[in-house]
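Chemist: From first to last, the protein sequence lines are chains L and U.
Going by numbering that gives the first Met the number 0, the residue at position 482 of the first sequence is 481; the numbering climbs one at a time, nothing skipped.
Going by numbering that gives the first Met the number 0, the residue at position 14 of the second sequence is 13; the numbering climbs one at a time, nothing skipped.
Careful, some of the hints might be misleading.
As the list claims (entries may be wrong) - Okay, derived cross-link-like pairs now, DSBU-like style, lysine-lysine, Cα gap no bigger than 35 Å in a straight line:
#1 LYS27/L to LYS119/L
#2 LYS107/U to LYS119/L
#3 LYS499/L to LYS430/L
#4 LYS119/L to LYS105/U
If you're looking for bench data, these hints aren't it; they were derived computationally from the structure.
Keep in mind it's a predicted model, so treat the numbers as computed, not measured.
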Amino acid sequence: MSTIVSLPDQQTATLPKRSYLNSEYGLKSWLLTGDHKRIAILYLISITFFFFIGGAMAGLIRLELLTPQTDLMAADTYNKLFTMHGIIMIFLFLVPSVPATIGNFLIPIMVGAKDLAFPKINLLSWYLYIIGGTLTLAALISGGVDTGWTFTTPLSTHYLNTHVITAGLAIFVAGFSSIFTGLNFIVTIHRMRAPGMTWFRLPLFVWSHYAASILMVLGTPVLAIALVLVLLERTIGIGVFDPAKGGDPLLFQHLFWFYSHPAVYIMILPGMGVISEVISTFSRKRVFGYTAVAFSSVAIAVFGFFVWEHHMFVMGVSNYSALVFSLLTMLVAVPSAIKIFNWSATLYKGSITFETPMLYAFGFIGLFTIGGLTGVFLGSLGMDIHLTETYFIVAHFHFVMVGGMLMAFLSGVHFWWPKMTGRMYPEGLSKLAALVTFIGFILTFFPQFIVGYLGMPRRYAAYPPEFQVLNVLSTAGASVLGVGYLLPMLYLTWSLKYGKIAGANPWQATGLEWQIQSPPLTENFLETPIVDYEAYDYEWLANKTKNEVTTVG
Amino acid sequence: MDSQAIATHPEHAHGEHEHPPYLRHHFATVEQQRETASFGMWLFLLTEIMFFGGMFAAYLIYRNWYYPAFVAGSHQLSILLGTVNTAVLICSSFTMAMGVYSAEMKRKGALVMWLLLTILLGTVFLGIKADEYHEKWEKHHVPGLNFSANDFVNGSKGYPDDKLAPDMAQKSQVYFSLYFAMTGMHALHMIIGISILIVLVIRARQGAYTEGHMTTIENFGLYWHFVDIVWIFLFPLLYLISRHQ
């Protein structure tokens, strides 16, 4: 099945005269656009902005933890810092990261449509995101929040004097942005597919976004109502979560985690879609077990709704329900493992090349596997009692979200950069960045597994001096990681003007998006495409290229 | 341009000028546009079910835990006003359905009239609701702002037997918390609905929706019926606890 294809000569490629980037000019043409590709670029700029704010906070957190004492900042400043880091990174970066940028750009093209089903709602969702982001910044500037990103009651409703209401509203609004993105994707995938584009010809990227969209649409409203009830309790004093009035704080945790556990799958599933595309393209093989990988995404989405209580094992839930939720938690490992095994099997006997997106994808597979397996530790009831609220859980979460999702995001950004901008990124420098990111990541977060296992609790500005060596390692790693993230920011911006011109299909990939010009036209396709080949069919591509040569000759 | 991948499709290639003006550029046919909008609306209503679902879950749990407090709390609601409001809302669903029908029949005058009637009925509902809220305030049944458990410890007018132990009487606050949260969220949806209706009336008077393109009216109808259905659940759950006994 595998065919070795040499990359095309990019010297002859030229930028197309007309594309979505130059069809209209001026700020207004961007701020009022209905074009999914332009909205994707708007999202890309805004989430990058918030990523670096959240990242700067992470840097300050690590700097404070360099020494066992609270010397850089006061303990309550530290509390605000990790809270804002969590809120910004989760709600303003990770949740919209791949879906709202790469997904927004690609899903209509991949299904062969001119745009998403509801272009205006797509634009509205970006504005809601910006309002949410502005409210978050307002909460930050006016003094911050120190509830932790979990808004745990009664801490958030009774005991804190910080800007919980502003931050809560911010997340409420940003949540609707996410709901509208998910709704748009589901409707588009159902109703806008081109003739011949059957469900099982869809790229796996689309399948994983479909699964993530189900979670966005069904989970986010529950977070919204939980936050509304917290805000009402804080402002006028209704008592749904207040024991004095008959409420139960644990109910808040149930409602919150009913969204926030599926939310981690909202964050990771689109990343898995990126990895499927990248692995297939750079091993020149159809993804092994296409159907299994497609359904494993949906299985993760479905199972993901029935595991939320594993965040509450030590909070006084019934032992029997804890048992069931522990079992269900371990079941989620099955579809995740299906993906890992199938990607590995795709690599087997493929014609592998090591371009930058592939390096990031390898990083993803390794780090996500470690993050996922430690998740099974935490899902086991006995282990969880020892490990919960320690740095072990911080390391686990960052392995999945930063090691997994951020690697996937960077992989995707590099992979589709030529499609989005028409220009290549500098290959050597970007390989270096991928390597630096990987080394920096391991150095930052691996010591946290150990220090957490030894018993260092999370969310404290001070710690016993015997943990210092591991914390110094972690802080050193964070600076390396910071360099790893700054590099792409710099050279990708540089490449906008000076990068080599990419041509339509620099990777010789099979997806519909690679068969049109880069950057694409506003309407994506000149004519509605008719799909008569399976996804990842490299022989179809080879034949197509052969025919092209004969017609030209 | 790679012509091999994008096989030509002559039916769709150059026919744009034949399409009606309301067909958005990214849809192939009017039918596809209509189905897409309707599917999107149903999906949005699904998110609304999840939104209200959080409160219904809370209701289910607390009602099981503090049943006597819930019964005593529900005694304080006016069944008469609740029933009238239920009837008003069902009528407004009927007028909305007639509005959709008029749009389908392309009768502009009838459409405007039915939409105005729907606004009127919606406003009547909100007026009665406001009166009920005001009564709760006077009886000190608003948790957080103005609450006294007196009526549930010593019994109240009309229900002298509602004498709960002091700690159970305090739990009636969670009943009223849910009452205000649930009916408040419902009322908010009504207010949003009425605001949209006003826009729809203005546009309908200009002749929109009665020239064959009525997706907006149809989808708004779905939203309005959904808000009604939420009330159909709220009414028995909040007003009629223990009435069968």
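Chemist: Evaluate each hint against the coordinates.
Modeler: How the hints compare with the structure:
1. LYS27/L to LYS119/L: Holds - the C-alpha atoms of LYS119/L and LYS27/L are around 15 Å apart, at most 35 Å.
2. LYS107/U to LYS119/L: 27 Å, holds
3. LYS499/L to LYS430/L: 16 Å, holds
4. LYS119/L to LYS105/U: 27 Å, holds
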